[in-house]
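Enquirer: Please take these sequences and the hints and turn them into a complete structure.
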Amino acid sequence: MSFAAHPVADPAAPLARRNPVAKLGAALLFSLPLVATLDPLTPALALLVELVLLPLFGLHYAALARRAWPLLLASGGVLVTMVLFATDRSGNLVVALGPLDVTTGVLSAALGLVLRLFAIALPGVIVFATTDPTDLADALVQNAKAPARFAIGALAAFRLLPLLGAEWQMLTLARRARGLNAGLRQFPATAFALLVGALRRGGRLAVAMDARGFDSGLPRTYARKQNFVRADTLLMVGAAALAAGCLAVTVLTGLFRPIIG
Amino acid sequence: MSSVVLRGFGWRHAGRRAWAVRDVDLEIAHGERVLLLGPSGAGKSTLLAALAGLLPGDSGEQAGLVKIDGPPGIVFQDPQTQLVMARSGDDVAFGLENRGVPAGQIWPRVSDALDRVGFPYPITRPTAALSGGEAQRLALAGVLALRPGLLLLDEPTANLDPDGAALVRDAIARSLDRTDTTLILVEHRVAEALPLVDRVVVLEPGGGIRADGAPEVVFAAYGDRLADEGVWVPGFHIPPRKSPNPPGETLLTAERVAVERRLDPVSMAVAEGEVLAVTGPNGAGKSTLALLLGGLLPPTAGRIDAFADPRPPHKWRASTLTARIGSVFQNPEHQFVTARVADELAVGPRRLGRTPAEITTVVDGLLDRLRLTRLAGANPYTLSGGEARRLSVATALATAPRLLVLDEPTFGQDRRTWIEMVTLLATLRDEGHAVVAVTHDDDFVQALADRVFPLGSLRRPDPLPRRRPS
Chain A
1 MSFAAHPVAD PAAPLARRNP VAKLGAALLF SLPLVATLDP LTPALALLVE LVLLPLFGLH
61 YAALARRAWP LLLASGGVLV TMVLFATDRS GNLVVALGPL DVTTGVLSAA LGLVLRLFAI
121 ALPGVIVFAT TDPTDLADAL VQNAKAPARF AIGALAAFRL LPLLGAEWQM LTLARRARGL
181 NAGLRQFPAT AFALLVGALR RGGRLAVAMD ARGFDSGLPR TYARKQNFVR ADTLLMVGAA
241 ALAAGCLAVT VLTGLFRPII G
Chain B
1 MSSVVLRGFG WRHAGRRAWA VRDVDLEIAH GERVLLLGPS GAGKSTLLAA LAGLLPGDSG
61 EQAGLVKIDG PPGIVFQDPQ TQLVMARSGD DVAFGLENRG VPAGQIWPRV SDALDRVGFP
121 YPITRPTAAL SGGEAQRLAL AGVLALRPGL LLLDEPTANL DPDGAALVRD AIARSLDRTD
181 TTLILVEHRV AEALPLVDRV VVLEPGGGIR ADGAPEVVFA AYGDRLADEG VWVPGFHIPP
241 RKSPNPPGET LLTAERVAVE RRLDPVSMAV AEGEVLAVTG PNGAGKSTLA LLLGGLLPPT
301 AGRIDAFADP RPPHKWRAST LTARIGSVFQ NPEHQFVTAR VADELAVGPR RLGRTPAEIT
361 TVVDGLLDRL RLTRLAGANP YTLSGGEARR LSVATALATA PRLLVLDEPT FGQDRRTWIE
421 MVTLLATLRD EGHAVVAVTH DDDFVQALAD RVFPLGSLRR PDPLPRRRPS
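In the order they appear, the protein sequences are chains A and B. The opening residue of the first sequence carries number 1 in the numbering used here; numbering runs sequentially from there. The opening residue of the second sequence carries number 1 in the numbering used here; numbering runs sequentially from there.
Keep in mind the hints are simulated off the structure, nothing from the lab. Computed from a predicted model, the values in this text were never measured in an experiment. Among the clues, some could well be false.
Unchecked claim - Going by beta-carbon spacing under 7 Å, a handful of chain A positions derived as facing chain B:
{"#": "1", "residue": "Thr134"}
{"#": "2", "residue": "Leu164"}
{"#": "3", "residue": "Ala166"}
{"#": "4", "residue": "Met170"}
{"#": "5", "residue": "Gly179"}
{"#": "6", "residue": "Arg204"}
{"#": "7", "residue": "Gly213"}
Don't be surprised by glycine CBs; every beta carbon is placed ideally from N, CA and C.
Expert: Have a look at this one:
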């Protein structure tokens, strides 16, 4: 089975093998402060930090690019939107596209947005590219005290996802066999049939999990121990410190533009 | 080991008027191995679910009492929806974690359970890479690891090909070998199940128990009646239905058609008035070949010519296709596109622009021929397995195609539906239709096929090393 969310990193890399909850926490601690400012310098610095640290996660730049391609698509969308709809058209004219003046102001605003998009999303991409879903669910239950009903239940549902692709293809072919041409008009009916099938499978899986004592009220034990050690705390502290550092540099250069006020 | 006592037991699902099962008095002693039989709809699965403790009080109404003095474990039909975790070992550990087994005991019990079912791979083997039979073995290991006193098996091999089914039966036999676990098995393929049991209990559809005793005694007294009701009782043979006439005009020829990574090049011809059975192991590309012949999938190499049309079938318009080739999928529910059985049959003729009067004639004729008249207003998704199978064939017949392509038409069917299917396909063939059936049902091939097309060996090599031979 090949599924997009499977880890692609070297699992022994120094930061890849940190506790999944610590990685997730570090990603949040690092990217959330970036939301506070609208200038392009902070996300640029953050992006630099992320790319410099990438080898410590055992991830190749090419592998990251393959994972992050939806972000490239999104940044293209940002650029188009800004060119079409930006209200602030100050700065020098770069090119005039009919009625639209593309100015340096428009382009730098677009650049700022694209940088923010990457800087905020990449930590999450890195975490999921370096974390096995089973380990994440285990760590969420053991270290973050998430309910097993939620974490393990989501993990089990996640296992059924790849089946949906094959199911969709079969439904489409079966509709052609019935004399219905493929096309947009078939989409809602096919999607409905897919949903019915998915609900039935989900129901059967839930019964099978019940039968093996899932969520029966007994305290669970853990076959795979997830440890949260000092290095994991350090990773989270380090992430917060780096985010603070990026903001500090921006404030010192006078470019800081708080989102509020 | 545990014993089971049922006294006047009954269960009615919430919102239903009829009891799914009722008036059951039954005692099963420690270590007994029981085969639970009954025509479909007799309530076998409901009874097992009750014994497994899977009927919560708010989901229906119970009568009488159930007493089990030990923890039950249950294995269901569908291997896909019983595995929870991504790695095989983790999946066996899942139940142990839920029961609060101390961490230090979990892994020894996991490897013990895997040994008992003869699981041949390391514990890190991805569950997604297992075949149906292997997945079902793993599901059995997951239940055995919990050391159930009562093992409940609800048609554990019904979704598997013959090799996979043999693998699972072997695993059941060897896992029971060293223990005195009580077993209750629901299985309508009696011959295969008999080596595993020493007692047969037959449920009466209206309520109560019809027969109970040693297998030879029960089958001597009730064998013919059970066979009529659809149970695969051993020793009741079905006369073959081979074609009395030589095949007619060739309808379709395939020249070295292949689909990358799914089917090696094959060449074949299909003629009117013959039943061609395509056989072969899992992974040989049987279903892919059915999709190619059905004009549903483009080949990546080779060419298919049919009905003297210069274009290959996969390029035909969908309405042209249904008028010439009818495809019946393995899972009938994939094919349903409306909310009523009668509407389902009208879809094809309507696409061909038939008049309302013509459509009514076709629909009524098919409802009658396939004994679906009573269900004309029912939702196709609510039909039983046999009814859904009959409807899926009927939908393909509604546009009167000369060529029928069926994927596993008799798969998992009870004896009654099986005979109906064979009779219907034989009649269609004798009327001059060409029938291609992808199947691993040897009885079906023996009874009906005029010609067998064996597909080659497994295409996908096993990517992971085996732990040790089982």
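Enquirer: Hints the structure violates: just list their numbers, smallest first.
Expert: 2, 3
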